[in-house]
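Okay, here's what each chain looks like letter by letter:
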Amino acid sequence: MAYYQATKDPTTDIRERTYVPELLHGLAVTIRHFMRNLFFPRDTNTDVLNRTGTSQITTVSYPEEQVTYPPGYRGLHRLVPREDGKPRCVACYLCATICPAQCIHIEAGEYETTDASADSRVIEKYPTSFVIDELRCIVCGLCVEACPKDAIRMDTGRHTPSEYTRSGFVWDIPRLLEGPPVNHPSDPWLKRPGSERPAHAHLEKHARIGEGLVPLKLPRPAHPVRTEVTSGPVPVTKFLRD
Amino acid sequence: MNRTLKILSVAILLVPGVLFGISWAQYRVGGWLAESCPVFHTQLQLCDTGGTSLAWVSALLFHMLLFVMVLATLLTVAERKWSAFTQDRIGPERARIGPAWMRKHSFGGLPHVAADALKMIFKENTRPKAADRDRILFWLGPVLAFAPVFALAAVIPFGPTVPVNGYAISAQVANPNFGLLYVLAIASLAVYGTSLAGWASNSKFALLGGVRAASQMISYEVALGLSLVGMMVAFSTVQLPVLIGSAAAGTGQAQYLWQGSVLGLDFGVPAWGIFLQPLGFLLFFTAAFAETKRAPFDVPEGESEIIGYFLEYSGMKFGTFMISEFIEVVVLSALITAIFLGGWHLGFAGDVALAQGLGKSHPVLYGAFCGAVFAMKVVFLCWFQLIVRWTFPRFRYDQIMTLGWKVLLPLGLFNLFASAALVLLDPSLHWLAVAGLLEIAVLAGLTLTRKAPKSGSGHEAAGHGTPDVHALPAAAASAHH
Amino acid sequence: MSPKDNKPSSPPPPAAPPAKPAPKNPGFVTLNIDGKEVTAKPGTNLITAAKTVGADIPYYCWHHRLSIAANCRMCLVESSTSPKLVPACQTALQEGMSIRTDTERVAEVRRSVMEFLLLNHPVDCAICDQAGECKLEDYYQRLDHKPSRLEGGKILRNKRKVLGPLVVLDQERCVQCTRCVRFMDEVAKEPQLGMFARGSEEYIDVFPGQQLTSNYSGNVVDLCPVGALLNRDFRFRARSWFLSTVASVCTGCSRGCNTYVDFMGQDVYRYRPRENDAINQSWMCDQGRLSYKPLNLARVQAPSLGRADDRREVTAAEALLRATAQLKAMAGTAELAVLVSPSCSNEDLLAGLTFAKDALGVRHLYVGGRPDGAADALLMRADKNPNRKGLAWVSAGLGLSLEPFAALLKAVQAGTVKALYVLGAEVPVDEAEAARTLAQVEFIAVQATNVTPLTETADVVLPTATHVEDEGSFVQEDGVVQRVRRAFPPRGSTRGHWNWAVDIMREFGFPLTYESARDVFRELSPKVPELASFGWDSEAPPLKTQRGLQPLATGADGRPPGYREFGAPRVRGI
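Protein chains in written order, with our numbering: chain W, 383 to 624; chain R, 2 to 482; chain X, 97 to 670.
Honestly, the hints are just simulated from the structure, not real lab data.
If you're wondering where the values come from, they're calculated on a predicted model, not measured in any experiment.
Glycine is no exception: its CB is placed at the ideal position from the N, C-alpha and C atoms.
Hints are not guaranteed to be accurate.
In silico DSBU-like cross-links for lysine-lysine, where the CA-CA straight-line distance does not exceed 30 Å [as the list claims (entries may be wrong)]:
id, chain 1, residue 1, chain 2, residue 2
1, W, 507, X, 231
2, X, 242, W, 507
3, X, 424, X, 514
4, W, 507, X, 116
5, W, 468, X, 255
Partial pick of chain W residues on the chain R-facing surface, computed with a CB cut under 7 Å [as the list claims (entries may be wrong)]:
id, residue
6, 403
7, 414
8, 421
9, 440
10, 543
11, 563
12, 564
13, 566
Hey, can you work out the whole structure from these sequences and the hints?
Below, the structure written as structure tokens:
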């Protein structure tokens with residue numbers, strides 16, 4: 383009660399000292415809100431900033447209504463595939479290095495020299511394991527900025543789906559790899575003899591990675607893609623070989 | 002607009018219709034009871050005590066059990082829904098019942114009443130180990146909290162006494178000639194329930210709540226009684242039906258102070274308590290809030306600090322505490338209606354015409370109409386109490402005591418003596434009414450002429466007196482307003 | 097180039113060879129580099145001399161232990177002795193000469209050379225193991241920092257030529273500095289590498305039909321300033337910026353080569369040679385380079401009791417109680433023998449042998465240790481135990497005599513040994529056979545770092561920390577005492593040998609207060625005259641240690657200690 387302060391404060395006048403007019407003004411405020419919200423329909427599924435209705439209710443009745451995301455919303459990351467279906471990732475660890483949440487875990491492998499795959503002649507390093515702990519991820523997008531190979535993007539516009547176990551939030555390559563295959567003129571397999579493009583077509587200068595790309599808004603999958611959740615510890619980086 | 006129409010139709014048609022129906026049924030059943038049990042038959046006599054025939058049973062059934070109890074129950078969910086509206090929220094809407102087409106609609110959250118009730122009833126009824134010693138008192142707590150407030154409703158006239166089948170049927174369970182004194186006496190009994198609950202729970206917080214409740218309720222008893230004395234003096238009675246009066250006879254609050262007539266329709270300024278005793282009304286309303294232990298006087302409960310005297314209660318025992326609080330809201334609304342708002346009378350126009358027209362030709366319909374008017378006033382006051390509860394923050398404990406003893410009590414005494422002097426000077430109540438209307442005019446003038454708060458200094462206007470560091474720059478502030 | 101291009105401060109080239117001035121400082125050469133006077137011994141390289149006044153001359157092909165090739169042209173500087181720019185690595189110091197390394201002309205030439213070197217260099221940094229410790233990266237950022245002007249494709253070569261068991265070559269990344277060729281010719285004296293073809297087609301390769309099988313092949317990886325030569329053992333296992341570094345000593349043989357231990361979390365990823373003129377110069381052998389593996393693999397991590405099928409892991413206290421009870425019963429009798437390995441550090445030996453002498457009451461020690469192996473003329477020694485000299489010193493200082501391992505086997509077969517206390521489970525003979533013989537002993541307590549047949553037959557196994565998990569010192573074969581630093585906390589429940597010895601002595605009732613290897617050395621080394629004068633602290637200042645969790649030492653990369661101290665992102669709570 384501001385009664386005491388009000389009666390002692392020389393700047394107050396009788397209205398504040400008797401307190402009752404101020405009470406009535408307060409009541410007027412709440413009654414005004416009550417009436418507006420009671421009698422007028424609520425804006426549903428409207429962005430808060432675009433609301434025009436008389437009702438001032440801001441609650442969103444999820445899940446029937448959902449807040450629309452701002453245009454800059456990126457969503458969950460994904461690994462970009464090459465044309466042969468393998469991830470573009472070369473396990474350079476730059477994303478794992480930049481990641482402020484330390485949620486990316488990579489294990490690098492080397493294609494065998496005897497590998498029949500044509501890629502193996504030009505691509506030596508690949509991720510044997512690429513794991514993102516979505517619980518740790520803060521969706522900052524620094525990994526996308528850091529990637530020199532356009533191998534990780536955040537353009538799905540999706541949330542991390544819910545899971546029953548913590549280990550379910552640890553996404554591996556099969557779960558992360560999605561979207562159409564992507565090629566860049568600077569890709570090494572396009573510069574080698576035998577590839578579809580001329581071996582010496584020097585295009586790096588004119589094709590900057592990620593330029594002119596249309597954001598990929600993937601549809602919400604009816605049944606979430608889910609890899610088998612195994613119990614036990616999630617692997618930590620161990621590059622040790624015998 | 003669809004929503005607006007829907008809500009207006011409910012407010013204008015459905016609710017009054019239902020209330021009219023309840024009142025009509027009460028008179029009909031009362032008449033039937035009086036007729037079928039002639040043992041208790043007495044002479045047809047208006048404004049008689051209601052208890053002389055079995056008709057009081059119908060009043061008990063329809064007004065106390067049906068109207069008061071159901072309204073109190075609905076208020077539990079109304080409080081949540083209405084508070085949501087004042088706070089720009091949606092409020093309860095998730096409980097759905099019935100077939101698929103019904104489940105599409107939230108019905109304003111009404112199914113939550115059923116959900117809440119089922120939860121209360123089927124919840125495990127625990128008793129703390131420490132309360133074993135006083136288990137009878139522990140059990141008695143909710144009973145003593147509930148019984149007095151419910152019993153208060155017995156003397157409230159929910160409608161006029163009208164002749165049905167040749168018997169005088171009143172809408173009142175009892176009409177003792179000590180009416181208001183009964184109210185004051187029984188209301189003060191409620192403190193036993195809270196005190197016992199707090200004591201028997203054997204818990205520090207519950208005891209603290211009980212002690213707070215006891216001291217608060219006892220403090221405000223005084224102001225509560227004093228604020229009513231003015232009305233008793235003005236009408237020289239303590240009987241509620243007499244206070245309300247009769248439009249046909251021009252007595253009580255139904256009389257016009259200044260009246261005119263156009264085409265046979267009477268109009269004028271009624272002698273309502275709120276016009277005769279605006280200060281008394283304000284004091285009574287404040288004191289009544291303190292009696293209900295609701296915000297801003299909810300220190301006994303104080304959910305953010307001590308939880309309150311019912312801390313150790315669960316299940317329907319706690320539910321009893323809760324429902325008695327809401328019953329108190331309804332009963333106090335009814336009391337205010339009867340004492341200050343002219344009871345079942347429309348007030349400003351048409352009362353006499355109605356009483357002499359419909360009242361003579363179809364007395365039951367007239368009675369039911371009056372009952373509906375009374376109930377609508379009660380519903381409005383319930384809503385108003387809820388709005389007040391969600392507008393004002395909780396007082397500090399010493400502020401409550403200061404307000405009770407240093408503000409309300411002196412003002413009540415002043416009001417009593419001034420009113421009594423005015424009544425002595427002019428028994429026709431005109432001077433009293435002039436004084437009351439002047440009080441209202443001054444209050445309205447003060448409220449409407451409030452100086453605009455200095456731009457961006459809401460804090461200062463509230464009396465904090467420190468320059469507001471969050472104030473917007475002058476240009477931005479003027480653009481803002 | 098006209099003199100106008102020079103900075104006004106730079107001296108004009110002289111018209112005629114000046115008369116040789118008298119030396120300013122007799123016995124030394126005095127010259128001027130970037131306006132600062134430098135006094136150097138005759139024969140000092142200009143790059144080294146320039147470093148003393150803070151002039152950092154970039155270079156690829158020069159190495160202070162290799163012959164001068166001057167073929168990378170990065171170290172070109174302005175000299176008063178020549179109108180043209182001269183390669184700093186090849187320019188002999190002259191009295192009174194004036195050198196400028198900071199003129200625009202030099203900067204422009206450096207930039208041009210960088211552009212030339214990068215002309216055909218693939219932008220492989222993402223997958224290149226050298227990234228993070230690559231001179232090409234560093235100099236590009238520092239000196240060039242401009243896009244390539246090459247039109248048309250880069251020259252394509254073999255990107256993965258496996259040269260030998262330890263080295264793989266990416267010919268595209270090579271800048272033809274020939275450091276590797278010169279190293280194999282001049283230091284390893286096994287000329288297995290050569291330059292082939294001419295001009296822009298030039299490339300490094302092994303001679304036809306050969307492989308890079310030298311025992312010093314790992315050094316060419318260290319020498320390679322770019323990512324052309326890579327270590328097959330380390331390749332793709334960790335990015336260099338994840339690794340932290342601590343100075344240590346190779347324990348592969350008694351040579352005691354100085355090393356850097358590169359580690360992440362509690363795993364060691366590689367050894368690199370550390371400069372030491374007296375012992376290993378800049379090199380180390382491949383065998384020693386790979387000797388880090390037992391630090392990670394097949395470690396004994398928890399104390400255990402019981403032989404074979406009765407083996408169960410127990411707490412340290414329980415294992416100590418059992419060992420104490422058994423050993424106390426036989427202390428002071430001839431039935432109790434102590435086997436000690438010359439692989440233990442001085443501190444381990446000081447504490448362990450003190451325990452053997454004072455608590456167990458033995459007078460003779462049986463010496464175990466790894467068996468002898470191959471040796472060569474450069475660095476590798478036949479004695480594969482890093483601290484045999486230290487064992488000799490400590491045992492002599494404590495008045496204990498040493499007996500060969502064969503004597504222990506004989507005594508066991510004769511049945512005179514009933515209990516055996518083992519400090520370091522290495523044995524100089526076939527491990528399985530020795531374990532079978534030693535199994536006849538009634539009670540064996542072993543302090544061991546790795547799982548061996550002997551730990552399988554032991555009654556009590558006390559897991560022991562390795563030399564990278566604790567502070568310590570080793571005595572090299574020539575009697576040089578060298579300190580090793582702790583890289584990370586001991587794995588699992590392991591403790592240092594000295595720590596177990598001190599713990600058992602406490603169980604025996606000796607009121608010891610040693611808390612660290614430093615305490616042990618300070619308290620016990622005075623008994624050993626050779627060690628007494630060793631500056632344990634001055635050689636490597638003590639880490640600021642406190643109780644509880646201890647942060648790791650800062651790595652060579654300047655990352656704060658504890659950065660990714662336990663590897664990659666670890667998912668907690670699963």
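To see whether the hints hold, each was checked on the structure:
1. 507/W - 231/X: 22 Å, holds
2. 242/X - 507/W: 27 Å, holds
3. 424/X - 514/X: Satisfied, since the Cα-Cα distance of roughly 13 Å is no more than 30 Å.
4. 507/W - 116/X: 59 Å, violated
5. 468/W - 255/X: 21 Å, holds
6. 403: This interface hint holds because 4 Å falls under the 7 Å limit.
7. 414: Violated, about 9 Å.
8. 421: Cβ of residue 421/W sits 5 Å from chain R, so the hint holds.
9. 440: Constraint on residue 440/W satisfied, holds at 6 Å.
10. 543: 23 Å, violated
11. 563: Result: violated, 46 Å to nearest chain R Cβ.
12. 564: Constraint on residue 564/W not satisfied, violated at 45 Å.
13. 566: Given a least distance of 49 Å, the restraint on residue 566/W is violated.
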